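Enquirer: Assemble the whole structure, with the sequences as input and the hints as a guide.
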Amino acid sequence: ISTIEQAIISAKKYGKQVMVDILNASAGQLKLIEALRPAPAYLCVHTSIDQQMKGQKPFAVLGKLRTKIPVAVAGGITTESAALVLRNKGVAIVIVGGGITKEANPAKAAAELKKIMKNKIKLKFAAKSFEKNNEEKINAAKQMKKSGVSTPNISDGMMRSGSLGDFPLFLNREKLKSLILGRAVTVSVPEGDWAKVVEAIDLCKPGQVLVINEIGDGRAVFGGLACRSCVNRKVAAVIVNGAARDVDEIERLGLPVLARKALPNAGEPSGFGKINVPVEINGIRVAPGDLIAIDKSGAVAIPASRAVEYANRALDVKEKEIRIAKEIGKKGTLGNVMNIKKWELSWKKD
45 ISTIEQAIIS
55 AKKYGKQVMV
65 DILNASAGQL
75 KLIEALRPAP
85 AYLCVHTSID
95 QQMKGQKPFA
105 VLGKLRTKIP
115 VAVAGGITTE
125 SAALVLRNKG
135 VAIVIVGGGI
145 TKEANPAKAA
155 AELKKIMKNK
165 IKLKFAAKSF
175 EKNNEEKINA
185 AKQMKKSGVS
195 TPNISDGMMR
205 SGSLGDFPLF
215 LNREKLKSLI
225 LGRAVTVSVP
235 EGDWAKVVEA
245 IDLCKPGQVL
255 VINEIGDGRA
265 VFGGLACRSC
275 VNRKVAAVIV
285 NGAARDVDEI
295 ERLGLPVLAR
305 KALPNAGEPS
315 GFGKINVPVE
325 INGIRVAPGD
335 LIAIDKSGAV
345 AIPASRAVEY
355 ANRALDVKEK
365 EIRIAKEIGK
375 KGTLGNVMNI
385 KKWELSWKKD
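Residue numbering for the sequence shown follows the working numbering, starting at 45 and increasing by one per position.
Among the clues, some could well be false.
Stated by the list, open to error - Below, simulated DSBU-like cross-link-like pairs (lysine-lysine); rule was C-alpha separation at most 35 Å, straight line: (1) K186 with K56; (2) K133 with K219; (3) K219 with K374; (4) K98 with K146; (5) K221 with K340; (6) K305 with K340; (7) K101 with K221; (8) K133 with K159; (9) K133 with K221.
Think of the hints as simulated: they come from the structure by calculation, not from any bench.
As the structure is a computational prediction, the values presented were derived from the model and not from experiment.
Expert: In structure tokens, the structure reads:
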């Protein structure tokens, strides 16, 4: 606090003003900042990138402020939220980044936001898709489907992780029209023991994804009859970290099934194994209830505890790719648009 106080005093000597960014400030720190004399010219209520991805908004902090100091608001402001922000008493400045820079026409986006600031109304145009979401407002799976993100978008948003690896046997891949997203029902079984697999199918609810981890892959644990059962239970897809069989029948049934290989031989239903326990596939831990995303590019596991955050991060990746794609249309190549050579040289110098 004393550092801020000295900065304000020093700024006044040169006829300058100080804005204090109260990012992550506690309630006690806020009171001390508000009580400073001389007071800062502005307070900035700032929602960080990580907070935005977790669905946090500036409104809770704005509601706690009891100050006559003009307030600036920054972080995640879009056409969807700008009007609501300006309706808070004391808000004098709105700082917008991605809501403008991610637009194909930044000038138009800025003009629309100025209309909102002037009239305090909510306008809808292309930037509305940049509105991030919170747990109270949305279901992460529905949001990802609605926003049209892909498994590459999701993996990139998870710092290029989450992939369940290559499945050489990807049945009904060509029939996929959109992203599949469902909660995981997991089952771990010894090689060829399919008893717990069929028991797990009976526990599946519509829209869920059955994730089978076979310890060994010398005998199939999933086939045509199990697939028929999944179709009747309205299972969204099946992942077999092992072997499957009855390929022709599964293809006729149309259910997306991802497996490591196809084999004609199965094992006996001995009943060993466990249902709804964490399993590991391609080094990725999949727990019961985690979100599984599947499209033609493959499968990604999304931890349930971070589903909203990763839904927002995937959307952020998609937004940037849309802008880059439009730039490629103007300039010709990804290398030119991203200035890859410059980054490569910079990295080599370091």
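Enquirer: It remains to establish, for every hint, whether it holds in the given structure.
Expert: Here is what the structure says about each hint:
no.	hint	result
1	K186 with K56	violated (52 Å)
2	K133 with K219	violated (53 Å)
3	K219 with K374	holds (33 Å)
4	K98 with K146	holds (20 Å)
5	K221 with K340	holds (9 Å)
6	K305 with K340	holds (17 Å)
7	K101 with K221	holds (34 Å)
8	K133 with K159	holds (19 Å)
9	K133 with K221	violated (47 Å)
This entry does not satisfy hints 1, 2 and 9, going by the numbered hints stated previously.
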